[in-house]
Amino acid sequence: MNKKEYEKLVKKYSPSEDKLKNALMAFVSGGIIGLISTIIYVIFLKFDMDSVTSTAYTIVILILASSILTGIGFFDNLVEKFKCGIIIPITGFSHSMTSCAIDNKKDGFITGLGSNLFKLAGSVLLYGTFSAFILVVIKVIFNG
Amino acid sequence: MASMKFNNVYLGDSYSVASSLEAKGNLKNLDLVINDYYFGLKTFEGAEIKMQKIVVDYLLQNNNNIKLIVGGDLSNQLAITAFMASHYNISYLGMYSACATFNSAIISLASLIDLKKINKGIAITSSHNKVAERQFRYPIEYGAPKPKRTTYTATGSVGVIVTKEKTNIRVESATIGQSINSSIKDALNMGAVMAPAAANTLYNHLKELNIDIKYYDLILTGDLGIYGSKIFKELLNTKYNIKLNKHIDAGSILYKKEQNLYAGSSGPVTLPLVLFNKILKEKKYKKILLIATGSLHSPTLVNQKNPICATAHAIGLEVIK
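Protein sequences appear in the order of chains A and B.
Quick note, the first sequence lines up with residues 1 to 144 if you use the working numbering.
Quick note, the second sequence lines up with residues 1001 to 1321 if you use the working numbering.
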């Protein structure tokens, strides 16, 4: 049996994932997070804040909330249910850092927590910044 | 491949520790159930060392003249087993065959006993879901979503005395498996990684020792999982022309279906947990072939886009009434 035949055999017996259900759950849960943040944002606007400041505060609140939920061991249960719906928004970014921090806390503050805090979030930061840079270059070229 | 028959090698006392998750599954009469992944300590690694130590303490209390501990776990450099062994004034030989470690430990002890170099020794293995998860996959609290084909590392430790004194379980024969390149690069599909190794070891065991498959009442594989077992059976059918009459996969039956733990249990402790706390307690089978399967995967090599290798070691057991 060669490599190709075996891969075919494995594929035959691999269970199919409920992609539609997962996508729907992610759509709804991601939407709810969007809704919650819009509500928080509007509340801040009511308190005479300008839109830039209220955006910043909204993000801080979401980061804090998901970080606390990770800390009390609740967020991973949510991830199990809603998957990418709560991993893709900023809640997931915060969750990835807090979970790394908890995981490596006992390996020492420098060798554990410090060096592993960005284990998962590092790629988001690097490629996020890099793609922002590319987009700005494109924008400058076309819009001046 | 190296296949061998043993004359006077037996399995004596055994002791099993597992977490409450495994206890809620299909296992019976576990010696100790722990309800807390930390086991009262500060780290998961410490908890795994403590589990192993409890097993060895029990076995040493009830047996004299033990000169050698052979065993291993999933942690890097077998640090956990080594740390456990440092508590005793006994020789220690670490073994890494991933989830096939238990069988490789028994085979090496059985060979030494058969050669009359030692009289008895302890074979031990353990795995801890959180220790393995941290080392091989994501941080624990991250709870990364997993596909259905993945297996769930069991938490527990099992040790057994391998001895020349007669007991009711005889170690008849063994086959040491090859390292087989599965050509699979998916670290979440261990069943598919290990199935070719299991089929290859079974085929060679039967061929080299000139045994018919009907000789065994039960073929007990380690942790192929629900989907890996199907691949294993089809491989045997199409490639080796072997028809299994009775096959159980320990990983597939350790947890109950309603526990919903993906494709079943994995980890080196899976096979001994099911063997000592289910199969042998049922007293239904006389000749059992254990095929422990191990996925020898390293996150580094997987990240470098290499396929994963696997191994499988077989042990033939005879239950004497």
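One or more hints might be untrue.
Said to hold, decoys possible - Simulated crosslink set (DSBU-like; lysine-lysine; CA at most 35 Å straight-line):
# : chain 1 : residue 1 : chain 2 : residue 2
1 : B       : K1246     : A       : K83
2 : B       : K1246     : A       : K119
3 : B       : K1042     : A       : K11
What the hints assert, rightly or not - Taking beta-carbon pairs under 10 Å as the criterion, some of the chain B residues facing chain A (in silico):
#  : residue
4  : F1039
5  : K1067
6  : G1143
7  : P1145
8  : N1189
9  : G1191
10 : A1195
For the record, the hints were derived by calculation from the structure and aren't laboratory data.
Note that the Cβ used here is the ideal one computed from N, Cα and C, for glycine as well.
Structure-inconsistent hints, enumerated in ascending order: 1, 2, 3, 4 and 5
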